[in-house]
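Residues per chain are reported as follows:
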Amino acid sequence: MTRYLGLYFTRIGFSLATALIGAFFALPLVWFIFAPFNPRAELGFSIPEPFSLANFEAVFQNGFAMRGLWNSLVQSVGGVILVGAGATLASYALSRSPIPGKSVITYILLLFSSVVSGSAAMVPIFLIINGIGLIDTQIAVILVFAGGLLPTAMFILRDFIDSIPKSYEESAMVAGASPVQAFFDVALPVIRPGVVVVVVWAFVSIWGSFLIPFILLRSSEKMPASVAIYSFYSEAGTPIVTLLAAYSLLYSLPVVILYLFVSWKFGFRFFGGIKA
Amino acid sequence: MKSFSLLSRGTGVAFLTPAGLLIGAFVIAPFFWVIYVSFTNRSLLGRTALNPDFVGLANYFSLFDAATFLTRGEFGSSLILTIQFVLLSAVVGQAALGMVLAWMLQSVPRSLKHVTEAVAIGAWILPEVVIAFAWFAFLDYENGTLNMIMEALGFPPGDWLLSFPFWAVVVFNTWRGTAFSMMLFNSAFSSIPPSYFQAADVAGASSWQKFRDIGLPLIRGHVVTDLILITMWSFNVFTPFLLTSGGPSYRTEILPIYTYRIAFRDFDFGKGAAVGVVVMLINLVFALFYLWVMRRRAKGVAA
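Protein chains in written order, with the working numbering: chain R, 325 to 600; chain V, 23 to 325.
Source of the hints: derived by calculation from the structure; they are not laboratory data.
Treat the hints with care, since some could be wrong.
In silico BS3-like cross-links for lysine-lysine, where the CA-CA straight-line distance does not exceed 30 Å [said to hold, decoys possible]:
(1) K490(R) - K426(R)
(2) K490(R) - K135(V)
(3) K135(V) - K426(R)
(4) K490(R) - K589(R)
(5) K589(R) - K135(V)
Source: prediction; values computed, not measured.
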């Protein structure tokens, strides 16, 4: 009897503690949820009354802000196409072709990509982009992101393709398909879920990041939203909070939607310990 | 018998080429390039921008100069700050809080579990810039949410980013990253057969005893994986720059921010590259350790 009482109290204690920690996580987000709908929003928290969409209207009328979102889209989609196509072809080759040392290649790539990470690589990446004359171009941002994300994308996809039996493609080839046909018509539809996960992961990574466009871009009309957001300051140097808040919410939406999509469609899992 | 393979070697190489070129240019080349630049006095403008001189180990000597090593704003001080930041925010903060949360989530009502997971994951997936602004608003002296709560509870308000900048970025990074550890440990705990815990319940074990004698020993491998990954990420994280820009007076200038200042504010690419090389060497140790753990586990599963 006392045993069940003990379990009962543990459950209550844990629930209270969890609620407290949950509140710790929620508090910094509270402002972010309410301020976009408050036309008189400041850095302080207040319930908007009445709820208003005026801040969003101001964002939509701000050409510079909209260009930032558009640039984010261009850079993310461009990077995603390179990562998706490059990783699919490469990981299929690593899984299915008789190239010697395939496992070693995969591990060396993974090693390099975690060693050459953002801050350690910013000097050489800037110099390389500067050297090939691509400073202040969106293509530079796209290429750098694609190169950086590809090793991990290949690692995830190779794992996925290895788990698919070869018999699908083999039977297609017995029926007379060429290897390239077997890849496009048989393998590709089967590995599509893996590609979708990689593509979403790459999109979210590029969409949210700040450092690479911050270093590689100069002119304000090429900045993605993550950098453009820093122009929402008044001439006195104080942030225009109403604009910032509504813009932050708009800018966050794709990430949240894609996250919900992936966890609904595939269930959220860990892909080699990779951060989404 | 020659094994039948689906792709010829030629097609395989062709398939690998696009990814290979991109990785070669933007991952492999930077690795060697940064080592080369670290031995030069390359800068952004002036004569040394185009024709940098070979300066040998001068940049490294300047980083490890005993006279200034521990001066605030110099390399050594930033390195020590980074180690403290990683130990406190990743190892103590993210891993320990993630572990406690994951354990408690096993036995709280489902609705509470889902809400807590949702806010923690929100902190983790939202873009870093957005998170930084939310924290500005949270910590603001005049009317920030935190000071509102402090006053309501009868405590004096604080100017957190000015008075406790280091602790602000430590708590910030803990808040930002705990979701990963929480989810990793959560799935590890759920993979333990429930019968183990039921047997312990029958024997009258407390939650702490179950955690110590069943939960923790069975997920040891996950703990190692988690610690390596979050340490490596926190060591390289640039996001605190968005909150404090490394200040006030270098008190939050962890190595990634230090590298940025040396290279892109002072335009001393040679010295910035030397910092990059040191950071990469430290990353290499972590990455090798991680690969070693993963390979050992892969073999363990096969055996």
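Okay, the hints, checked on the actual structure:
For the proposed pair K490(R) and K426(R), the alpha carbon gap of about 17 Å is at most 30 Å, so the pair holds. A hinted pair counts as satisfied when its Cα atoms are at most 30 Å apart, and K490(R) with K135(V) does not qualify at roughly 41 Å. A hinted pair counts as satisfied when its Cα atoms are at most 30 Å apart, and K135(V) with K426(R) does not qualify at roughly 42 Å. Taken as a hint, the K490(R) and K589(R) pair is honoured in the structure, with Cα atoms around 25 Å apart against an allowance of 30 Å.
Distance hint between K589(R) and K135(V) is fulfilled; the C-alpha atoms sit about 21 Å from each other, no more than 30 Å.
When each numbered hint is compared with the structure, violations occur for hints 2 and 3.
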